[in-house]
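Student: What follows is each chain in one-letter form.
There are 2 protein chains.
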Amino acid sequence: MVHLNALALHGSLRDPVLGSLGFLNEVMGRYPEAISFAPGAPHPDFLTDLDPHRYTERFLEHLVHEEGHTPARARRLLFEYGPSRGLINKIVADALRRDQGIDVPPSSIVVTVGAQEAMLLVLRALFRTRDDVLAVANPCFVGITGAARLLDIDIVPVDENDDGIDVDALAAACATARREGRRVRACYVAPDFSNPGGNRMSPQLRTRLLDLAEREDLLLIEDNVYGFTALSGDALPVLKALDPGRRVIHIGTFAKVCFPGARVGYVVADQPVDDPGGARLLADELTALKTMVTVNTSPLSQAVIAGMLLENGGSLHALTHRKAELYRRNLGCLMDALDRHLDGVAPGIHWNRPQGGFFVRMHLPVPADTALLETSASKYGVLWTPMAQFYLDGAGDRQLRLACSYLDPEQIETGVRRLATFLTKEIRS
Amino acid sequence: MVHLNALALHGSLRDPVLGSLGFLNEVMGRYPEAISFAPGAPHPDFLTDLDPHRYTERFLEHLVHEEGHTPARARRLLFEYGPSRGLINKIVADALRRDQGIDVPPSSIVVTVGAQEAMLLVLRALFRTRDDVLAVANPCFVGITGAARLLDIDIVPVDENDDGIDVDALAAACATARREGRRVRACYVAPDFSNPGGNRMSPQLRTRLLDLAEREDLLLIEDNVYGFTALSGDALPVLKALDPGRRVIHIGTFAKVCFPGARVGYVVADQPVDDPGGARLLADELTALKTMVTVNTSPLSQAVIAGMLLENGGSLHALTHRKAELYRRNLGCLMDALDRHLDGVAPGIHWNRPQGGFFVRMHLPVPADTALLETSASKYGVLWTPMAQFYLDGAGDRQLRLACSYLDPEQIETGVRRLATFLTKEIRS
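Sequences listed follow chains A and B, in order.
Numbered according to this note's numbering, the first sequence spans residues 378 to 806.
Numbered according to this note's numbering, the second sequence spans residues 378 to 806.
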């Protein structure tokens, strides 16, 4: 019988980033009674009243009454292969204009299988050879670093300040790459409550970053997944809304705000592509690539998302308003419980205070590795995510990430108590 | 404003294969009145009575009554992020055992976003460096060559006989690669009515191919998309059912047989992977890669497919029986009409006689290029697919592909009449 040698498979498979999701699921599976601060999943309350059938019917109505299809044709649009670019681009474009100040034509949007496929497509389109490198804020979401590994794209980590990515360090990284005969082709950032950093870029930093992109001929890959958790009235404009030079490729997902099980995300890529064969947009190129990744995003899934949006007047904000409140409540509970239970537990323990998002980062005086996680799970019934997997430079091995999105206040309280006991007994000793 | 240079984007975007789907859709869009032999899409009749809501409810029932979930938990399984490996693997495994003679545990299956994602994942896992090359039967389905381009994997075309891939030529390709310090890592084949070749491998050829794979330490990537169109009782065993050495990675899709709009496919990858870190299956590696491509296949989509299977006693064959009849009827109509209308139209025109599948290949005495297609569409109202895009060696430029799956007998008759007029006027002159 054939035996494959692990070392003869693609190198990305040996990267810890690729195994990270599987590892956490595996640990959670072994300790079902543990309180888990690991998954950044949507709160279960938002899943109970979902009604895919109703949303689908709402979208079908729209296709008939607003778009002029016959009922039979409308149903067929949902059942057959659809266009690779997407079926609901106009509805997404309207929502982006209304809620985010992003004013782009539907043709510059590609509807994807979650934000993850969007990241893969964007990286594939932009990175031609190994001389093109990707800059990322360090620590960084594993979805982008994992996609880069899959495509053999080299990554340059750029440190974060409390404010977000260090623009001077990014400029220095560009200069270093240039000296090596390479170039930083794009930089990935999540300006609003990044995972796992939790930072939010100030308006000044956003402007500086856009200026640098212009100066260095960089593209910015903006991931907007947690932007909706900002306090009402306190949201900052996304990079894409501040982008007359079209330097920003904007990626979003409906997984957190609508329906995780639908797997629908999108990318705005309105960059013109010059080609003697005819002018195109980057979105056209991403669409062509998508024919070789997933062909098209399930029209059934798209219908569910479109129906949810239409039920809410085409506004993401209307959909997310109540959810943002719950996530901010949870984040408040988590920070409050940490203050009450962890203060003075052991020297060298401290954590950040994000204003939104799903995550808090904690520093320990000892390595927060998988062995410590195993102890935390088996003896104290509390799970968290080692931060090392989010760092590209070996840093972060004494940090852990706590996610609060999935839990209720009582679970957060109990979980933090367990964490306090765990840290008291295991760190002090 | 930024302007991207097409030549600075990834090379795959300049490959005609990637633009092929977009081009055909574009031509079809411009000639909506033309009869199109271009798309290999399922027949519209099979879309009219689809009922995703009912299938979903059927799967929910199954989760409650057969798998012991509470109704609330069952619904949540559909609404939340699901496992990357898939939610319906056991149902798929049962169907493969029942219908295909493929007996594998559910854990060796990964549920994917159509067969396309499965191809991308398999290629990514197996191909480590540019010294690993992919052999494909030439002509070849663009989905596999496109995915290989995306991943910078070099392709070796291997000629087809009327019987399917030329095993001696494949052996020679392996030897050549070895002399060059490279190796043929895997070979992609569609043994049953390949697209676009239309060939079906004889039982003898299947055995020879498996023997060669063993001898040359090759993996075979088997695409089973059109196998279901075989005459009842005349189906041949798939390679995976003849594979004690686990040389075969088997890819299938529910798009043609169930529901195109659900975008659900699967891959069977039961190859053991040796690793000091712990034994795994290739399916585990594909699952890890999938976390960086689409994270998971929409549970909503999977529920629809599972429900359809369950309604049919868990059997794909029960689902496809009536469909296979329609496709064989269409193929018969097409070949009959070609015999009646094209015989003697011009010297040098001939076509093959596949026993199943969706496609007939036709040779012309002149280039069957996009200019000729434009003439065919604009002046004669009939569309087809240039075959050159399926060839890797510049051959096939005088061939076209006719798909009959999407049409009715009257359309096929009218379409072939138009084709006859077109060929009479344009080829003779």
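Hints are computed from structural coordinates only; laboratory data are not their basis.
Mixed in with the good hints, there may be bad ones.
Same chains, same label: a pair holds when it works inside one copy or across any pair of copies.
[As the list claims (entries may be wrong)] Subject to a maximum C-alpha distance of 25 Å in a straight line, what follows is the list of computed SDA-like cross-link-like pairs (lysine to any residue):
(1) 467 / 405
(2) 467 / 388
(3) 467 / 443
(4) 467 / 540
(5) 467 / 765
(6) 467 / 396
(7) 802 / 554
(8) 700 / 538
(9) 802 / 653
(10) 756 / 619
None of the values given here were measured: they were computed from a predicted structure.
Student: Decide, hint by hint, whether the structure agrees.
Tutor: Each hint tested on the structure:
1. 467 / 405: between (40 Å within a copy, 22 Å between copies)
2. 467 / 388: neither (39 Å within a copy, 30 Å between copies)
3. 467 / 443: Classified as within; 12 Å inside a copy, 41 Å across copies.
4. 467 / 540: The answer is neither: 34 Å in one copy and 48 Å across copies each exceed 25 Å.
5. 467 / 765: neither (40 Å within a copy, 35 Å between copies)
6. 467 / 396: Between copies, since 23 Å is at most 25 Å while 37 Å is not.
7. 802 / 554: Neither, since 46 Å and 60 Å both go past 25 Å.
8. 700 / 538: neither (28 Å within a copy, 60 Å between copies)
9. 802 / 653: This pair counts as neither: shortest intra-copy Cα distance 68 Å, inter-copy 34 Å.
10. 756 / 619: The answer is neither: 50 Å in one copy and 49 Å across copies each exceed 25 Å.
Consistency with the previously given hints fails for numbers 2, 4, 5, 7, 8, 9, 10, ordered from lowest to highest.
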